[in-house]
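Asks: Below are the chains, spelled out letter by letter.
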Amino acid sequence: EVQLLESGGGLVQPGGSLTLSCAASGFTFSSYVMNWVRQAPGKGLEWVSTIGIGGNTYYADSVKGRFTISRDNSQNTLYLQMDSLRAEDTAVYSCAKDIVASLAPDYWGQGTLVTVSS
Amino acid sequence: DIVITQTPLSSPVTLGQPASISCRSNQSLVHSDGNTYLSWLQQRPGQPPRLLIYKISNRFSGVPDRFSGSGAGTDFTLKISRVEAEDVGVYYCMQTARYSRSFGQGTKLEIK
Chain R
10 EVQLLESGGG LVQPGGSLTL SCAASGFTFS SYVMNWVRQA PGKGLEWVST IGIGGNTYYA
70 DSVKGRFTIS RDNSQNTLYL QMDSLRAEDT AVYSCAKDIV ASLAPDYWGQ GTLVTVSS
Chain P
1385 DIVITQTPLS SPVTLGQPAS ISCRSNQSLV HSDGNTYLSW LQQRPGQPPR LLIYKISNRF
1445 SGVPDRFSGS GAGTDFTLKI SRVEAEDVGV YYCMQTARYS RSFGQGTKLE IK
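Protein chains in written order, with the working numbering: chain R, 10 to 127; chain P, 1385 to 1496.
Simulated from the structure, these hints should not be mistaken for laboratory data. A portion of the hints provided could be inaccurate.
Selected chain P positions facing chain R (in silico; Cβ < 8 Å) [unchecked claim]: (1) Tyr-1438; (2) Arg-1443; (3) Phe-1444; (4) Val-1447; (5) Thr-1480; (6) Arg-1485; (7) Phe-1487.
Okay, derived cross-link-like pairs now, DMTMM-like style, lysine to aspartate or glutamate, Cα gap no bigger than 20 Å in a straight line [to be verified]: (8) R:Lys-73 / P:Asp-1385; (9) P:Lys-1492 / R:Glu-55; (10) P:Lys-1439 / P:Asp-1449; (11) P:Lys-1496 / P:Glu-1470; (12) R:Lys-52 / P:Asp-1449; (13) R:Lys-73 / R:Asp-92; (14) P:Lys-1439 / R:Asp-115.
We treat Cβ as the ideally placed atom computed from N, Cα and C, and that holds for glycine.
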């Protein structure tokens, strides 16, 4: 059974940093494109970042230069390092895996809440 | 960047009746590999998103056949042939044709 479990969310002050983790199980982690997607309270889905099988990384303009996506295939874990956090980064952050060769996110975690506030 | 516009933003539907959601892109979603990467996801209240359709019209595993997707280029449609109570939620289209992915604003499906 595919499982994605996010952790690391919490309350952080504006300008602060936080690292999110996504522990994956039930599939061959190294063979899949992985994503971070966020959802601000009461709002729609917003794509944040994607990392390819070979480690290529892609970011939304809203987080480029502040967030870093990475993966540790030996630990089956996806990360999102978030720096220079702003109030508008407040959201539930979820990780999701893509279907092989179909560029669609088929399994999602429950998400972890990040609140940026003083 | 690709901007996705969904219509309507809210759709009250009678149980057993059909529903249709439109998704329009400001650029073609045809990838350089020839495929069109447009997906539809459902988010029930309090739940993570669930993949319904990928590459325009391919139903994901376990998705009922009352859900269907169609379209090409920049215009796409999700249809539910007969709405059931469990279909209540927000529906999103998503493009992954470019390295920078994007979602539509979401369409809230509710029962009249």
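Asks: Decide, hint by hint, whether the structure agrees.
Replies: Hints, one by one, checked against the model:
For P:Tyr-1438, the shortest C-beta to C-beta distance to chain R is roughly 4 Å, which falls under 8 Å, so the interface hint holds. With 8 Å as the threshold, the beta carbon of P:Arg-1443 stays out of range of chain R, its nearest partner Cβ sitting at about 12 Å, so the hint is violated. Checking P:Phe-1444 against chain R: minimum C-beta separation of about 6 Å stays under 8 Å; hint holds. With 8 Å as the threshold, the beta carbon of P:Val-1447 stays out of range of chain R, its nearest partner Cβ sitting at about 11 Å, so the hint is violated.
At its closest, the beta carbon of P:Thr-1480 sits 4 Å from a beta carbon of chain R; the interface hint therefore holds under the 8 Å criterion. Taking 8 Å as the C-beta cut-off, the interface hint given for P:Arg-1485 holds, the closest approach to chain R being about 4 Å. Hint status for P:Phe-1487 relative to chain R: holds, with the closest Cβ pair at about 5 Å, below 8 Å. With a CA separation close to 14 Å, the supplied pair R:Lys-73 and P:Asp-1385 stays within the 20 Å bound.
For a cut-off of 20 Å, the pair hint linking P:Lys-1492 to R:Glu-55 stands: about 16 Å separates their Cα positions. For a cut-off of 20 Å, the pair hint linking P:Lys-1439 to P:Asp-1449 stands: about 16 Å separates their Cα positions. Between the alpha carbons of P:Lys-1496 and P:Glu-1470 the distance comes to roughly 14 Å, so the proposed pair stays at or under 20 Å and holds. Pair hint R:Lys-52 plus P:Asp-1449 does not hold up; C-alpha atoms about 29 Å apart against a cutoff of 20 Å.
With a C-alpha separation of about 10 Å, the suggested pairing of R:Lys-73 with R:Asp-92 holds against the 20 Å cut-off. Restraint check: the Cα-Cα separation between P:Lys-1439 and R:Asp-115 comes to about 12 Å, which is no more than 20 Å; the hinted pair holds.
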